[in-house]
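Assemble the complex: chain A is given as a structure, and chain B must be docked to it using the hints.
There are 2 protein chains.
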Amino acid sequence: MTDELTSAQREYAGLVIREGVNLTPGQKLLIRCPLERADFARLCAEAAYDAGAEEVLFLWEDDALIRMKYLRAADAVFDRAAPWETGMLNDLSAEGACQLAIVGEDPDRMQGVDPGRIRRARAVRGRALEPFRERQTRNEIQWCVCAAPTCSWAQKVFPALTGDRAVERLWEEILRACRVRAQGSVEAWRTHSAALQRHVETLNALRLRSLHYSNALGTELTVDLPEDHYWAGGAERCIRNGIYFSANLPTEEVFTLPRRDGVAGVVYASKPLVLDGTVIEGLRFVLREGRITEVSARTGEKVLRDATATDAGASYLGEVALVPWDSPISQSGVLFYETLFDENAACHFAFGDAYPCIRGAESMDREQLLARGVNSSMIHVDFMVGTPDLSILGTTEDGKQVPIFTAGTWHDLPKA
Amino acid sequence: MTDELTSAQREYAGLVIREGVNLTPGQKLLIRCPLERADFARLCAEAAYDAGAEEVLFLWEDDALIRMKYLRAADAVFDRAAPWETGMLNDLSAEGACQLAIVGEDPDRMQGVDPGRIRRARAVRGRALEPFRERQTRNEIQWCVCAAPTCSWAQKVFPALTGDRAVERLWEEILRACRVRAQGSVEAWRTHSAALQRHVETLNALRLRSLHYSNALGTELTVDLPEDHYWAGGAERCIRNGIYFSANLPTEEVFTLPRRDGVAGVVYASKPLVLDGTVIEGLRFVLREGRITEVSARTGEKVLRDATATDAGASYLGEVALVPWDSPISQSGVLFYETLFDENAACHFAFGDAYPCIRGAESMDREQLLARGVNSSMIHVDFMVGTPDLSILGTTEDGKQVPIFTAGTWHDLPKA
Chain A
1 MTDELTSAQR EYAGLVIREG VNLTPGQKLL IRCPLERADF ARLCAEAAYD AGAEEVLFLW
61 EDDALIRMKY LRAADAVFDR AAPWETGMLN DLSAEGACQL AIVGEDPDRM QGVDPGRIRR
121 ARAVRGRALE PFRERQTRNE IQWCVCAAPT CSWAQKVFPA LTGDRAVERL WEEILRACRV
181 RAQGSVEAWR THSAALQRHV ETLNALRLRS LHYSNALGTE LTVDLPEDHY WAGGAERCIR
241 NGIYFSANLP TEEVFTLPRR DGVAGVVYAS KPLVLDGTVI EGLRFVLREG RITEVSARTG
301 EKVLRDATAT DAGASYLGEV ALVPWDSPIS QSGVLFYETL FDENAACHFA FGDAYPCIRG
361 AESMDREQLL ARGVNSSMIH VDFMVGTPDL SILGTTEDGK QVPIFTAGTW HDLPKA
Chain B
1 MTDELTSAQR EYAGLVIREG VNLTPGQKLL IRCPLERADF ARLCAEAAYD AGAEEVLFLW
61 EDDALIRMKY LRAADAVFDR AAPWETGMLN DLSAEGACQL AIVGEDPDRM QGVDPGRIRR
121 ARAVRGRALE PFRERQTRNE IQWCVCAAPT CSWAQKVFPA LTGDRAVERL WEEILRACRV
181 RAQGSVEAWR THSAALQRHV ETLNALRLRS LHYSNALGTE LTVDLPEDHY WAGGAERCIR
241 NGIYFSANLP TEEVFTLPRR DGVAGVVYAS KPLVLDGTVI EGLRFVLREG RITEVSARTG
301 EKVLRDATAT DAGASYLGEV ALVPWDSPIS QSGVLFYETL FDENAACHFA FGDAYPCIRG
361 AESMDREQLL ARGVNSSMIH VDFMVGTPDL SILGTTEDGK QVPIFTAGTW HDLPKA
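Quick mapping for you: the protein sequence lines, in order, are chains A and B.
Residues 1 to 416 (the numbering used here) are what the first sequence spells out, left to right.
Residues 1 to 416 (the numbering used here) are what the second sequence spells out, left to right.
Extracted from the complex, chain A is given alone in its bound form (with noise of 0.2 Å):
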């Protein structure tokens, strides 16, 4: 590793303390983390005592161990969550620590599990971490998904490059996506989020009541907005204590939710996701009334069809999140196998829990949310629909058709 990478390692440990979950003197920090990246775990324990954190607090994860317990361990362990990992997910939300995750995962790394028992760990976790999940949902906490390359996952981007110098290689795409350089990383950081809200603002004036999808993929799907939706992209705000943060580093996303019963047609994912450890290639949806009624993918299908039967929430969708086919990730060629990067680089859904983007979501509880067409679900799982010749025409309250995206990118819209 060159004395310039990890400079710029460091460079963007700051940023992510700063502009990321932007810690305030006096906050706790949770970080999650590939073992095999302790080495920036560590810089970014740095960047957080610099800021004046009381305490950095550590959860890591090893793709080599969780594999070995997913086809090893005894069968009852799939039925039962560790209650000392979710506690403290629980606890510190509860008492308003910054939460970090770092994610480098392996993107094949239950390749050949079980999905039995995915599904079923991925059951009783999501129910052991609803508080947790609930306010990160609802930015109660300040909370922030960066990344860091492991071997694996890099070994998995970059076929032809070996262990070391396929880590520098996704290393190198990681800090461009991020726009660290040597310095200037957090203005360069604040101007690019600054122009995600000018997209906010502009589509938030136009008052959309739906969306129409369409490219040469096959995907034909409407999208209805709830009313009172608003948009959201770039910095977002702690409802807490009314600081803003960066809940993705990269994000190249504006994005909202769409009303529960509203989604109708058929939709094609444009590029390949991970499930839960598993690749999922050629998902195809079929939606009537916000359900998803038709499942199909060319790989892993079992454990897609699994993950959108997980509760009543998962077969319904739960963000719309606009990405211009030409963003700076998409530009790079380099498909991610991870959804912060791909998502980034492609218009994208998610199924499952929703974003509670609606004005005065604040003061109202789930059974209120959900009358307003807030879906609720202890997943949430993106997928990447945005194609070169993708269409999104608008249609706004009075009936006005506006096109949003044309050939995959945002239509000259009028400014806010």
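FYI, nobody ran anything at the bench for these hints, they're computed from the structure.
You may find that some hints are simply not true.
Straight-line Cα separation of at most 16 Å, EDC-like style, residue types lysine to aspartate or glutamate; simulated pairs [said to hold, decoys possible]: (1) B:K28 - B:E140; (2) A:K28 - A:E54; (3) A:K302 - A:D114; (4) A:K28 - B:D75; (5) B:K302 - B:D114; (6) B:K28 - A:D75.
Some chain A residues close to chain B (C-beta under 10 Å, calculated; not the full set) [to be verified]: (7) R42; (8) A45; (9) E46; (10) G52; (11) E55; (12) L57; (13) F58; (14) A64; (15) K69; (16) A73; (17) A74; (18) A76; (19) V77; (20) R80; (21) E85; (22) M88.
Glycine included, every Cβ here is placed at the ideal spot set by N, Cα and C.
Chain B in isolation, oriented as in the chain A frame:
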């Protein structure tokens, strides 16, 4: 790392699981390990699943992050125990899960840290872990401490070697000390364990009342042994299920406990010890009626003094262990800065908690044990006192004097 070394590590991992904790099918295993030695933890996990483990769980430690926390976290942090970690140790030990600790810490990791923070953190952690510690001390669970080299530890032991070479050299010493060979390691370990058992039987047959230690360092110490004490060494027996296990790999010791109020004189350490990440050199204690009344040390005196003041029992001795000066670890000439090894190179004592080596202890509570002279504390710290000229003279219950050690090693004792 050579293939030969990797295969020896795999052999060691198998030994640790089969002879160390002696895991039986359906049992859980908790592994505590430095992040940096995840490779060895994975080998142990594989061996555990081979032996039929229900599930293997992990607690990860990192010297750099621990040091960073002690230097930079807010002061209040050191008056709180981490409930998730202590919960994991307490809960899993209550279920009867096997416990494997892989030690490998940087002996200097706490250099320059405020001793007050170390003392306070030790006290809260000690109180929080009382249930776990008690189960371990009483052998209510199968437990084992083994070792794997981290880079900083290896470089402290072999300062003339650089990173990887130091780690390989320390691996070689660890494997040799545990009698690991290409094959037959289990048989070699059992033979060694049986030899320790023969010393145990000889000592138990003598029915000793007290021991007197003396050497040219200046040690002149009389140690009374409680009524109904017994000596132990080699394999121990879990009182919950009767399974034999080896609590330390390596081990060369035969040990019992002193009578709490029955130690008097002066004692000098013959090797440094590492206490809470601080190297203590030149330890000297004066004891009266069992209590340490004078404490001094050339380095780390404050940390040592604080440790003996942790609680009421911390200033009394809790272990008497006999190790010949010509043990293989001693003959290696290596100073390990790690008690697991250095205690097996020399006779030693511990201050703090006593292993209740009293007949009938299983059915006694802590008060009853105390009345029988069994010390209790939240700490247990070994310190080495053996020298090539150490003599230990025993006095039996009927007043006969028997030489136990002469010139640092076993006197030719009558066979049991």
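Evaluation of the provided hints:
Proximity of K28 (chain B) to E140 (chain B) is assessed by CA-CA distance (about 14 Å); at most 16 Å being required, the pair is judged to hold. Between K28 (chain A) and E54 (chain A), the direct Cα distance comes to roughly 5 Å. Compliance with the 16 Å bound is thereby established for this hinted pair. For the suggested pair K302 (chain A) and D114 (chain A), the alpha carbons sit about 10 Å apart, so the restraint of at most 16 Å is met. For the proposed pair K28 (chain A) and D75 (chain B), the alpha carbon gap of about 13 Å is at most 16 Å, so the pair holds.
The suggested pairing of K302 (chain B) with D114 (chain B) holds, with an alpha-carbon distance near 10 Å, which does not exceed 16 Å. In summary, the hint linking K28 (chain B) to D75 (chain A) is supported, as the alpha carbons are separated by about 13 Å, within the 16 Å threshold. For the restraint placing R42 (chain A) at the interface with chain B, the shortest Cβ-Cβ distance is roughly 6 Å, inside the 10 Å limit, so the hint holds. With 10 Å as the threshold, the beta carbon of A45 (chain A) comes within range of chain B, its nearest partner Cβ sitting at about 6 Å, so the hint holds.
For the restraint placing E46 (chain A) at the interface with chain B, the shortest Cβ-Cβ distance is roughly 7 Å, inside the 10 Å limit, so the hint holds. At a threshold of 10 Å, the smallest CB-CB gap from G52 (chain A) to chain B is about 9 Å, leaving the interface hint in force. Here the hint on E55 (chain A) is kept, as its CB sits about 5 Å from the closest CB of chain B, short of 10 Å. Of the supplied interface hints, the one on L57 (chain A) holds, with its beta-carbon coming within about 7 Å of a beta-carbon of chain B, less than 10 Å.
Taken as an interface hint, F58 (chain A) checks out: its beta carbon lies about 7 Å from the nearest beta carbon of chain B, inside 10 Å. Among the interface hints, the one on A64 (chain A) holds; its C-beta lies about 6 Å from the nearest C-beta in chain B, closer than the 10 Å criterion. With a least beta-carbon distance of about 7 Å to chain B, the hint placing K69 (chain A) at the interface is held under the 10 Å criterion. Interface restraint check: A73 (chain A) against chain B, minimum CB-CB distance 5 Å, threshold 10 Å, status holds.
Taken as an interface hint, A74 (chain A) checks out: its beta carbon lies about 4 Å from the nearest beta carbon of chain B, inside 10 Å. Of the supplied interface hints, the one on A76 (chain A) holds, with its beta-carbon coming within about 8 Å of a beta-carbon of chain B, less than 10 Å. Taking 10 Å as the C-beta contact cut-off toward chain B, the hint placing V77 (chain A) at the interface holds, the least distance being around 5 Å. The beta carbon of R80 (chain A) is positioned within 10 Å of a beta carbon in chain B (closest approach about 9 Å), and the interface hint is therefore held.
With a least beta-carbon distance of about 7 Å to chain B, the hint placing E85 (chain A) at the interface is held under the 10 Å criterion. The beta carbon of M88 (chain A) comes within 4 Å of a beta carbon in chain B, closer than 10 Å, and the hint placing it at the interface holds.
In terms of the numbered hints stated before, the structure departs from none.
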